[in-house]
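Residue numbers (the numbering used here), protein chains in the order written: chain L, 1 to 193; chain B, 1 to 372.
Among these hints, one or two may not hold up.
Here are the simulated DMTMM-like cross-link-like pairs (lysine to aspartate or glutamate), alpha carbons at most 20 Å apart as the crow flies [said to hold, decoys possible]:
#1 92(L) x 134(B)
#2 188(B) x 71(L)
#3 301(B) x 331(B)
#4 106(L) x 154(L)
Chain L stretches covered by chain B per the calculated footprint, using a threshold of three residues with CB under 8 Å from any CB of chain B [stated by the list, open to error]:
#5 39-50
#6 87-94
#7 118-130
#8 141-151
Simulated from the structure, these hints should not be mistaken for laboratory data. These numbers come from a predicted model, not from an experiment. Using N, Cα and C, we set each Cβ at its ideal position, and we do this for glycine too.
So you can see what is in the structure, the chains are spelled out below.
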Amino acid sequence: MIEKSTRRRFIEGSCRILGLVTLGSTAGLLTQRASAGAVYQVDPNKCKTCDLCRTACVLSLSAVKAVNDFERCGYCMLCPAYMDVNSTPDEKGIPTGKVCPQDALKRRVVGRVDADDPNNNYYEYVVDEARCDGCGKCVKACLPPAGNGSLRLEIRYSRCVECNECAIQIACPDSAIARVSVPGLAPVATHTP
Amino acid sequence: MDANRPDSDAARAKAHTRFWRLWFAPIAAVGALATLAVGAFRVRPTPRSTPSQPVVQPPVAPTSTSPAGSGRILTMAEAQTAMPARRLPRQYVQTAQLGGVSSPDKFLKDLSGIAAGADDHVYAIGDGEVRVFDAALVRLRSWRAPEGAACLAVGPDGRVYVGSSGRVDVFDPAGVHVQTLTVGEKDKPAAVTAIKVFRGELLVADANVRLIRRLGADGAARGMVGHLGKTGRFMLPNGSLDLAIDAGGLVYATDTGRHQVTTWTLDGAPIGKFGKFGMRNPEDFVGCCNPVNLALTPDGKVVTGEKMVARVKVFEPDGTLLAVIGPEHFDPACVHIHLDVDSHGRILAADPVRRVVTVFSLAPSRPPGEPA
């Protein structure tokens, strides 16, 4: 009598457990989906380009990359984010050093080209993300009044591994890494030259 | 006791079953939920300790180390306070200031333009008003400026021309609105960044088309100034074009991307230019795009305003440097120093960051041999 009752109750209990597991799984999946709609991103108004994005990210090559806003870029010949304006000039007076230690900022002439005088040309600057380590030197150099402030740091979602706690967010002294809710997050369009 | 044993066993079994029923299911459910939650949030390890992937180090040019004017390349901090090592022919001293915290005429929100008019009256645009001051910087009158006013000029008859996107508004000397001139095309309004008045004509700097527009008093187009070189037009990475015109009708214009001051006839023929990029010599223009602002003194000297190293310089028309008014007078964040010069050669320099107009006058020359 007692055994029968225990078995039946055991089966009842097991059914309850299965039901709760199903409920828990559903809740977990829903939570996972909800968290996928929120991403870490750099607030350019708070970012001081302290270099911690490069060193604090758990990835070997940081998920933070410099991005050029072409609407704001001046397409300068003497781009202060590209050239180290304080480096030794060549015979034409153009600085020979570069700001980016990774040589990740590339440029090409756009529009009509004057091969004789580079001062007559406009240049488009594109970040090579395979090289960029998010150090922010170019971003700092482009800030007004030296430049137009067209460069900024961004976390690339294609590289970000969505840590439970973003290591850069913890390290950032300026609270410039924010958790941003992005429902239906779509891949970020990247500029190709 | 023995008789009670089965009952005791039954009671123990019942309690056991109750325990399983009451506690096992919730504990298992919580465990499953926690496992799933941990799975949902992928926890990553602590920050890496290994260096990043192979790094390409471009050749870095060495930085030389000699003082300004003698070959040394300045650091940015040094450049901010750099003054020429040699003694320059002219010295300017600050003689007055308009605005600022303690001034009754302080600009609270913005200061976007300055101009000198007849009787050395000073005209300024700020806080949505055109304000007129006498030569001693006492406020005479003010009136509401058009929305987005970016620059102004004063004609010899006292009329005030205020430029904003796609238009120039004309006011009589008392501040009564006379007319509005449309500048630019319907689908591409002019970015009016400077205006000058010359013999009844208006010269309007349009940073959108990167040219200077000649307009009649009625706004009719009379030509363009500024076509140059194979790629044409002014190079304006910072989106700002300034101009000045001398008594003979020679037009001076900034070509910021080329780091030059250029001169033109009213018909648009290029006459000359001076200036080049450089971080070490004070006569050179620093950064991506300089000089940003421009004015002429009554004796024909060229006054330039620079950003990055916020300073004002005075040149001979051939580019010989005469004077430097150093960055200690301006906010380092200035991207413009609006300039004009009155009939006594006083330089009016408007710092839009500090919202202050500073007046600089030529210092009396010292006898030869006397130390500076």
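Coverage of the region 118-130 of chain L by chain B (three or more Cβ within 8 Å): With 4 residues in contact (Cβ-Cβ under 8 Å with chain B), the coverage given for the region 118-130 of chain L holds.
Would you check the hint for residue 301(B) and residue 331(B), treating anything up to 20 Å between C-alpha atoms as holding? violated (25 Å)
Please verify the coverage claim for the region 141-151 of chain L: does it have three or more residues whose C-beta sits within 8 Å of some C-beta in chain B? holds (count 5)
Proposed proximity, residue 154(L) with residue 106(L) (alpha carbon, max 20 Å): holds (18 Å)
Going straight from one Cα to the other, do residue 188(B) and residue 71(L) come out at no more than 20 Å? holds (16 Å)
Residues of the region 87-94 of chain L with Cβ under 8 Å from chain B, three needed, outcome: holds (count 5)
Given that the region 39-50 of chain L was listed as covered by chain B, double-check it with a C-beta distance under 8 Å for 3 or more residues. Contact hint for the region 39-50 of chain L vs chain B: violated, 0 residues under 8 Å.
Proposed proximity, residue 134(B) with residue 92(L) (alpha carbon, max 20 Å): Given pair residue 92(L), residue 134(B) is violated - Cα atoms ~47 Å apart, limit 20 Å.
Of the numbered hints stated above, those contradicted by the structure are hints 1, 3 and 5, listed in ascending order.
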